[in-house]
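Peer 1: What follows is each chain in one-letter form.
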Amino acid sequence: MEYFVQQLINGITLGSIYGLIAIGYTMVFGIIGMVNFAHGDVFMVSAFIALIAFLILTTWLGITSIALALFIVLVVAMLFTSLVNWVIERIAYRPLRGSFRLAPLISAIGMSIFLSNFVQVTQGPRNKSIPPMVQGEFVLFNQNNFPVTLSYKQLIIWGVTAVLLLAFWYLVAKTRLGRAQRACEQDQKMAALVGVDVDRTISMTFVIAAALAAVAGTMYLMYYGVVTFSDGFVPGVKAFTAAVLGGIGSLPGAVVGGLLIGLIETFWSAYFSIDYKDVAAFSVLAITLIFLPQGLFGRPDVEKV
Amino acid sequence: MASGAQSGRVDMTGALRDAGFTGLVAFGVLLPLIGFLTGVDGSNQLVLTTRWPLLLAIVAVVAVCRFLYCFAIMPWLARRAQQPIRAASQAWRGIVANWFVPFGIAFLIIYPVIVYLTAGTSGGQKWIDNFGIQILIYVMLGWGLNIVVGLAGLLDLGYVAFYAVGAYSYALLAKTFGLTFWILLPLAGMLSSFWGILLGFPVLRLRGDYLAIVTLAFGEIIRLILINWTALTNGYAGITGIPRPTFFGIPFNANDDGFAATFGLPFSPLYRVIFLYYLILALALLTCFVTVRLRRLPIGRAWEALREDEIACRSLGINTTNTKLTAFAMGAMFAGFAGSFFAAREAFISPESFTFIESATILAIVVLGGMGSQVGVVIAAIAMIGGTEILRELDFLKSIFGPTFDPTQYRMLLFGFAMVAIMIWRPRGLISTREPSVFLKRRKTIAADLVKQGRG
Chain B
10 MEYFVQQLIN GITLGSIYGL IAIGYTMVFG IIGMVNFAHG DVFMVSAFIA LIAFLILTTW
70 LGITSIALAL FIVLVVAMLF TSLVNWVIER IAYRPLRGSF RLAPLISAIG MSIFLSNFVQ
130 VTQGPRNKSI PPMVQGEFVL FNQNNFPVTL SYKQLIIWGV TAVLLLAFWY LVAKTRLGRA
190 QRACEQDQKM AALVGVDVDR TISMTFVIAA ALAAVAGTMY LMYYGVVTFS DGFVPGVKAF
250 TAAVLGGIGS LPGAVVGGLL IGLIETFWSA YFSIDYKDVA AFSVLAITLI FLPQGLFGRP
310 DVEKV
Chain D
954 MASGAQSGRV DMTGALRDAG FTGLVAFGVL LPLIGFLTGV DGSNQLVLTT RWPLLLAIVA
1014 VVAVCRFLYC FAIMPWLARR AQQPIRAASQ AWRGIVANWF VPFGIAFLII YPVIVYLTAG
1074 TSGGQKWIDN FGIQILIYVM LGWGLNIVVG LAGLLDLGYV AFYAVGAYSY ALLAKTFGLT
1134 FWILLPLAGM LSSFWGILLG FPVLRLRGDY LAIVTLAFGE IIRLILINWT ALTNGYAGIT
1194 GIPRPTFFGI PFNANDDGFA ATFGLPFSPL YRVIFLYYLI LALALLTCFV TVRLRRLPIG
1254 RAWEALREDE IACRSLGINT TNTKLTAFAM GAMFAGFAGS FFAAREAFIS PESFTFIESA
1314 TILAIVVLGG MGSQVGVVIA AIAMIGGTEI LRELDFLKSI FGPTFDPTQY RMLLFGFAMV
1374 AIMIWRPRGL ISTREPSVFL KRRKTIAADL VKQGRG
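Just so you know, the protein sequences line up as chains B and D, in that order. Take the position in the first sequence, starting the count at 1, then add 9; the result is the number in the numbering used here. Take the position in the second sequence, starting the count at 1, then add 953; the result is the number in the numbering used here.
Rather than coming from a laboratory, the hints here were simulated on the basis of the structure. It is possible that some hints are incorrect.
[Unchecked claim] A few chain D residues that face chain B, going by a derived Cβ cut-off under 10 Å, partial list only:
hint, residue
1, L990
2, I1048
3, V1049
4, N1051
5, V1054
6, Y1363
7, V1373
We treat Cβ as the ideally placed atom computed from N, Cα and C, and that holds for glycine.
Between the sequences and the hints, there should be enough to build the whole structure, so can you do that?
Peer 2: In structure tokens, the structure reads:
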């Protein structure tokens, strides 16, 4: 029981991170129907930006308040990652609109390879580890000498994810931009006819996706304290799995899918075999696509001539 | 900037403004990752150093390039697009296209002789092994994947899994049962295509991009199993001492029954390398031959029809699942052949050789060469794999950029960049087989609405 509760806590934490990345996949897919393969690497880049911002703040500026430092790091990472993704969209995806169907995906694969190797070349191939940012934990209860703990950093991840999801939900459901996004998702030509700036809306979608990935990247860095250039690939595929499991194109689906993937991975590692935890996540992807291609919350995909 | 480009007029202030904005964006994008370098100090703590000169230099280069693009290149392109195309270039192209293939094959056949005569024994071994065999393996893999991606339009991101199946089949069966290379070569191909059918059957109903991700997942699953099933595969450590192929039963070693002794020649490791070279050349040409012939059969036409429009295919009564499965199995079979050759050549395999990057490299070769083009694959493989090998040789760059400069680490960076660039400038690849032969006034590629690709 106590082991189970502890794994549940860990799984939800991991799932929050996957969910934040998964929103990026699902939004981009919803609006331009493309699997943004480079999104995992954008997440990795954001973790590096957060790492550099954190080092500037702590070693150069000597900020000792961790809460302040974390907040600034989060904002800086979101800003720069958004800029990076905005540029990527302009360079690698926008010229391909209207090209054949697999062209954006191939371009995104190229971008993914480019980003991870760019980081490898500019920052070196070694693991970058930082001293723990946040320490300490609550002991929820202690049974059979097994304390069930909820660490502060897990709590921060839960809190930040919840707040950002609320803000994000408000953005999509209530604002002009969100309305434009939903309009573009349904019918781009029609949206353009009624005065929605489609290009700008798509750009903003990439910006928001990157900002959420940057939150995930900062949380990842804070949680694990280590990041390397190849860290984008596996979390990226798992987050994509989450988006597919939740039903690609569906925003609540991405969050639920993320939590489910986090829980599946954690429980699989805890009760079966940690060696095969990635196999479990990838198998979920294959099984979902084969038996439930529209996911939990998605609409079935209708093929039109 | 936009108005200047359309009328072909030169717009100085617009170009300057554009260049300034581009420079500013480049500064923002590159500031964190190039402006700062994270390194470790003596006590293993992360420390930051700055690289302002490098950052400013790159930003300046980007801004100047953008300025030149807006100021000179774009108006020039706009003017060029309005000019009629000369017919002479078409005739010249026809001559090249007709003679390229026979000359290419003849060159490949005499390549080891040329190398041996010019570079001698030790240098010749390097040139045949690193350039010849290495490139031909990728040419073969590219041709195999071309069946799946180029002809049938199925984007397969896990192609290396079948390469791994072939390599491990050869390694395990040869070590356990002592079977020879010539028995195991077809067996490895059969096993690979069996795996292709097994994995393909449930997923080939999926749409193009989903299929790509699922094949990626399968590729990773197979690699993770190879890593973790240590009882069978020896995990990360890999399998060593895999038997080498023999010359119809005569091994390439220094013993009395070896190749050199049998034919009364002095022993040299070069014979094995040359033998392997001709072996992979034959395998690659077999792949190409089978593909070219299959393309003219009903099945090949069905593949290409499937790539263009799946719904139309179905309405014409083509069994799309079976058609896709044959393409998948055929591609997997050639990957299996190449895999068993790889295991036999290296005599050592480990899961490290079968990562996603390998799949991406092979895919990049197919995409850059032009999906569906056999010659394009060869050119792309020479450019990418040969280019990598040449990067290793560029020692003079070290004298420019300092002794720590390692050109090979830029290899994948260039790969990724090339994939994006090709998709933007020539989405059909370097050699695009479906460029229009007739056009009115303007040279332009066919709009994507007319040729829908990759619905599979």
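Peer 1: So which of those numbered hints doesn't the model satisfy?
Peer 2: Of the numbered hints given earlier, those the structure breaks are 2, 3, 4, 5, listed in rising order.
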